[in-house]
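With the hints as extra help, turn the sequences into a complete structure.
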Amino acid sequence: MGSNEQSLIQEALRGNLDAFNALVLSYQDRVFTVTYRIMNDEASAADMAQDSFIMAYRRLSTYRGGSFRAWLLRIATNTCYDELRRRKRRPATSFEEMPGAEQDDGPPLPDNLPSPEQVAQQNELNRAIQGCIEALGEDQRIALVLSDIEGLNYQEIAELVGTKVGTVKSRLSRARVQVRDCLQTFQELLPASYRLNITDQKQSE
Amino acid sequence: MERPSSNYEELSAYLDGALSEAERSAFEARLNNDPALQGELDSLRQTVRLINQLPLRTAPRDFTITRAMLRRTLPFHLTATFSMLSSAAAVFLLLFGAYFLFQEEAPPANEPLFTNRQGSVITTAPAPVAAQPTMAAQPITAASPTALPTMTAAPSLDPFADTAETTQQEPNLAMESAAAEEDLDQGASADGQDEREIGTTTGAPTSVVVATEAAQFRLYSSTPGELDDSTMMQQQAPVPQDALPAQTRLPDLRRGPNLLGLGALGAAGLCLLLALLSTLLRRRRL
Chain A
1 MGSNEQSLIQ
11 EALRGNLDAF
21 NALVLSYQDR
31 VFTVTYRIMN
41 DEASAADMAQ
51 DSFIMAYRRL
61 STYRGGSFRA
71 WLLRIATNTC
81 YDELRRRKRR
91 PATSFEEMPG
101 AEQDDGPPLP
111 DNLPSPEQVA
121 QQNELNRAIQ
131 GCIEALGEDQ
141 RIALVLSDIE
151 GLNYQEIAEL
161 VGTKVGTVKS
171 RLSRARVQVR
181 DCLQTFQELL
191 PASYRLNITD
201 QKQSE
Chain B
1001 MERPSSNYEE
1011 LSAYLDGALS
1021 EAERSAFEAR
1031 LNNDPALQGE
1041 LDSLRQTVRL
1051 INQLPLRTAP
1061 RDFTITRAML
1071 RRTLPFHLTA
1081 TFSMLSSAAA
1091 VFLLLFGAYF
1101 LFQEEAPPAN
1111 EPLFTNRQGS
1121 VITTAPAPVA
1131 AQPTMAAQPI
1141 TAASPTALPT
1151 MTAAPSLDPF
1161 ADTAETTQQE
1171 PNLAMESAAA
1181 EEDLDQGASA
1191 DGQDEREIGT
1201 TTGAPTSVVV
1211 ATEAAQFRLY
1221 SSTPGELDDS
1231 TMMQQQAPVP
1241 QDALPAQTRL
1251 PDLRRGPNLL
1261 GLGALGAAGL
1271 CLLLALLSTL
1281 LRRRRL
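Chains A and B are the protein sequences, given in the same order. Quick note: the first sequence uses this note's numbering, first residue 1, plus one each step. Quick note: the second sequence uses this note's numbering, first residue 1001, plus one each step.
It is possible that part of the hints are untrue.
[To be verified] To give an idea of the interface, some chain A residues facing chain B are shown, with a C-beta separation under 10 Å as derived from the structure:
(1) 16
(2) 18
(3) 20
(4) 22
(5) 28
(6) 121
(7) 174
[Unchecked claim] Covered stretches of chain B (chain A as the covering partner; in silico rule of three or more C-beta atoms under 8 Å from a C-beta of chain A):
(8) 1010–1021
(9) 1037–1050
To be clear, the hints were calculated from the coordinates, so they are not data collected in a lab. Cβ atoms here follow ideal geometry from the backbone N, Cα and C, with glycine treated the same way.
Written out as structure tokens, the structure is:
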């Protein structure tokens, strides 16, 4: 953690709202990405992200050092957890109709990168992946997002969601297998090498 | 071939570098001898890469917070105001219920009440004992056990007798009352003895009460012996209804004071429960 971030945290602890908002601006994209991957719609994700930052300011005194990003993500994850449990729903929205899906198209590309057709295909694939993530159960989805999108390790994920390392391993492995099997329905979108491996697997079975 | 989940856990952990040195060596040895296992590993690795390359999403707006956002926007039933109002209502209902529940009940109108500390005998007896002549007792039937005869005190009663003497004389008074009531014998049925007993039982209290009240009056009096018959007659005269304490002039309300008190206490408990729930839910929400 940079010294600048540490000083902002200290200022925020003294009640300096502007210092806390500087932290918000630094982390809002990351927090929104996590809430979006979990909630699967932009409006809900924005609400969860806003609630997460409000909660983070109120509970700033509970921050005990270490990764501020992990501490923020913990709050964001628990906020999403609470909302999902409150709704008690399993998202079944078609990824093609998912609001905000166009953001998975990625940023504008410079001239020396792949052709428009490749870019379009990549965007289509991203939406397909998001759709497969959306089809996971909430526990598996959260484990997958925190591990494979946010890059947290097993111990960090276990502490964040309040479970054991073994449980995290189990949820993550099942989530990855389910996403892999789900992506097989989008063969035409998958990279050639990916399709090749999946096809070889089926033939060997 | 569907692999057991434990193999997938091992594959996933190997991808994440979460296996111990010994576990990793053993796993790699198996990989070298199992092409299918190698294929599984490759497919999972590519899946993780595909997920990794999902782009970072841009926040649709700034999520900076304001002081207004920090103010609690809770529904009314979760606010501190609601908790306080519920608690205040509970206290009020508790006092209200306790007042009615523990208030002394007024005795029925035809029975003497009590002697207050000023020495006034508060009674609604229709006739003073000492002034009235002996009245004929009404016959008592078994079918109307509440038809108590209007008993008179035994003429031999001494209203100025000591309390101890009065107490000792209670059985004697009962016997004397029974002996003086010739009409009880006239009204005797096949269960005459029972009636007589009933008469005896019902006759004695009036006499005893009057005597006791007199004794109490003596006790409260500062100068023993200053009482005379005229004073006793005044004390024993019926008290007009208007002169009765307020509590005896609320017959309707006091018909079920306990029920009212219990109901108020129950409502107080409910208000307390609401206040507690509101507080717990508010803290959990925040």
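Verification of the supplied hints:
Checking residue 16 of chain A against chain B: minimum C-beta separation of about 12 Å lies over 10 Å; hint violated. Below 10 Å, beta-carbon pairs count as interface contacts, and residue 18 of chain A has one with chain B at about 9 Å; its hint therefore holds. At a threshold of 10 Å, the smallest CB-CB gap from residue 20 of chain A to chain B is about 7 Å, leaving the interface hint in force. The beta carbon of residue 22 of chain A comes within 9 Å of a beta carbon in chain B, closer than 10 Å, and the hint placing it at the interface holds.
For residue 28 of chain A, the interface hint holds, since its Cβ comes within 10 Å of a Cβ in chain B; the closest pair sits about 4 Å apart. Interface hint status for residue 121 of chain A: violated, as the beta-carbon distance to the closest one in chain B is roughly 13 Å, over 10 Å. Contact between residue 174 of chain A and chain B, as hinted, is supported at the beta carbon level, the nearest pair being about 7 Å apart and thus within 10 Å. Counting residues of the segment 1010–1021 of chain B whose beta-carbon sits less than 8 Å from any beta-carbon of chain A gives 5, enough to reach three: the coverage restraint holds.
Coverage of the segment 1037–1050 of chain B by chain A holds in this model, with 9 residues showing a Cβ closer than 8 Å to a Cβ of that chain against a need of three.
The structure shown violates the earlier hints numbered 1, 6.
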